[in-house]
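> Protein chains in written order, with the numbering used here: chain A, 1 to 290; chain B, 1 to 290.
Please note that a few of the clues may not be correct.
[What the hints assert, rightly or not] To be clear about the criterion: a stretch of chain B counts as covered by chain A if any three or more of its residues have a C-beta under 8 Å from a C-beta of chain A, and this derived list gives those stretches:
id: 1; region: 112-119
id: 2; region: 159-169
id: 3; region: 190-196
id: 4; region: 249-262
Since the hints were derived computationally from the structure, they do not count as laboratory data.
Yeah, the Cβ is synthetic: ideal placement off N, Cα and C, and Gly gets one too.
Number of protein chains: 2
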Amino acid sequence: MSVVGFVGLGVMGGPMAGHLVAAGKGPVWVWNRTPAKGEPLRAQGAQVAESLADLAQRCETIILCLGATEDVQEVCRALAPLARPGTLFIDHSTISPQGAEQLHAELAAQQLRFVDAPITGGSMGAQKGTLTIFLGGDPEDCGEAASSVSPYAKRAERVGGPGAGQRMKMANQIAVGGALLALCESLSFAQKAGLDLAQTRELLAGGAAGSWAFDNYGPKILASDWSPGFSIKNQNKDFRYCEETASQIGADVPGVRLVHRLLAEIEARGDGELTTCVLFEELLRRGFDS
Amino acid sequence: MSVVGFVGLGVMGGPMAGHLVAAGKGPVWVWNRTPAKGEPLRAQGAQVAESLADLAQRCETIILCLGATEDVQEVCRALAPLARPGTLFIDHSTISPQGAEQLHAELAAQQLRFVDAPITGGSMGAQKGTLTIFLGGDPEDCGEAASSVSPYAKRAERVGGPGAGQRMKMANQIAVGGALLALCESLSFAQKAGLDLAQTRELLAGGAAGSWAFDNYGPKILASDWSPGFSIKNQNKDFRYCEETASQIGADVPGVRLVHRLLAEIEARGDGELTTCVLFEELLRRGFDS
């Protein structure tokens, strides 16, 4: 395995970089805007780069796990002039498909390679190393990327050319948003209808209404546990990319627009860091046809 | 087991009555508005009643599997004056919770017992005898009903007093509607985004977007199979009861209102008999924000 750099050691990136180190395939250099986040990884055996420039010069593969399109653009544009020719960039951030296509072209013009590689599976999947990764880019680059990310992936599959990984992530987030609404609307109705919430969740989860959301978010709702998980702020960011893309390709996404509107109201109140299933409480607060 | 009557031998009722006969616990009398539907059951060993009056006089338990509130009211009001005192009515139809409460009271005034017992699990569940049944009524009556329906139930559980079974069914249909939207919106977006539909369904089904709908309706969508299953007409009927109840209890059901509006457009075009997942094609036909 080539020398790998990992930039962005947050809730997702931290454990993912840890899996790379544990796999022991070769040196892993890490960097984070807040340097303290590199320390636990140093303890696990990673090398902490002094700067993005330092990391760029040392690595042949650079993995990014950042926030929005602008963040990824900024970091790529800082790394590119110093990176070795042929360096493979693997971007796990969820950014706009158009942003990914543009970065692919920008880096290609500098003899660098870019694969969009958004992930699904949540913080639990990052910790367990069981993420699903959607790869978009040239077939050979995607093959190399799939091998590089294997220490933390249950599946890493090419879904098309540049940007296709992000388009698949959008399709995923559309379905995730709908499943969230289905769960929260159903349980808030049940509560107002005087039904036992635990019995409702359990009976419905086993039938035609069943979903990953019912199994995984349902118990959090029953426990009124709104502690940070996948945040409303991040879900809304993804929804913005969904709507942008939908508008470009002429797709109708009425469910996303509805859930986005509901979650945007919660974010506007200052609760954007809470986990998305707090939508249950938001619906409880509202009346019919509000 | 007491002598049982079964009224309504449609796509669901037919196989359910068949399981009762096969269980061999005692005589099963059947009746259907279209008498021809009784013949396959006669061949399996059921007795075909000559009329509702005939059935009422012979049976101690009467099971109904009909359509809307009005249908159940009509049949119950025809049976009640002739039924033996203490007869237990078990109603599998999806009707309004209020309609169920009212029938419970009406029959109680005539020394008859009523349990609302809507089902979930689809035509496949009826054929396999693996339905989930939500029971609403007096505890003792629900216990007796649970035993009577056991030949075709994976689960039959009391969820509360009169009408509670229907309220649980509404909660179920809210979640089913949301899951349908999540699936159809996600796959129609994927198709317009140029993604491979089979790959999309398969990748998304295994992650946080996964659901019973992805597993069971997804393959139908890939095969463009809109043959009758759970029909748009029936889903819209259930949504009307959801909205009526939501308005009475002050619950917000924006997802149901959205999916109902979309499916009502399909029904208005004359395609109400098609299976609900044709919503995929409806969304494909539309543009962004239409």
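> Each hint should be assessed against the structure and marked as holding or not.
Going down the list of hints, with the structure as the test:
no.: 1; hint: 112-119; in the structure: violated (count 0)
no.: 2; hint: 159-169; in the structure: holds (count 5)
no.: 3; hint: 190-196; in the structure: holds (count 6)
no.: 4; hint: 249-262; in the structure: holds (count 11)
Of the numbered hints stated above, the single one contradicted by the structure is hint 1.
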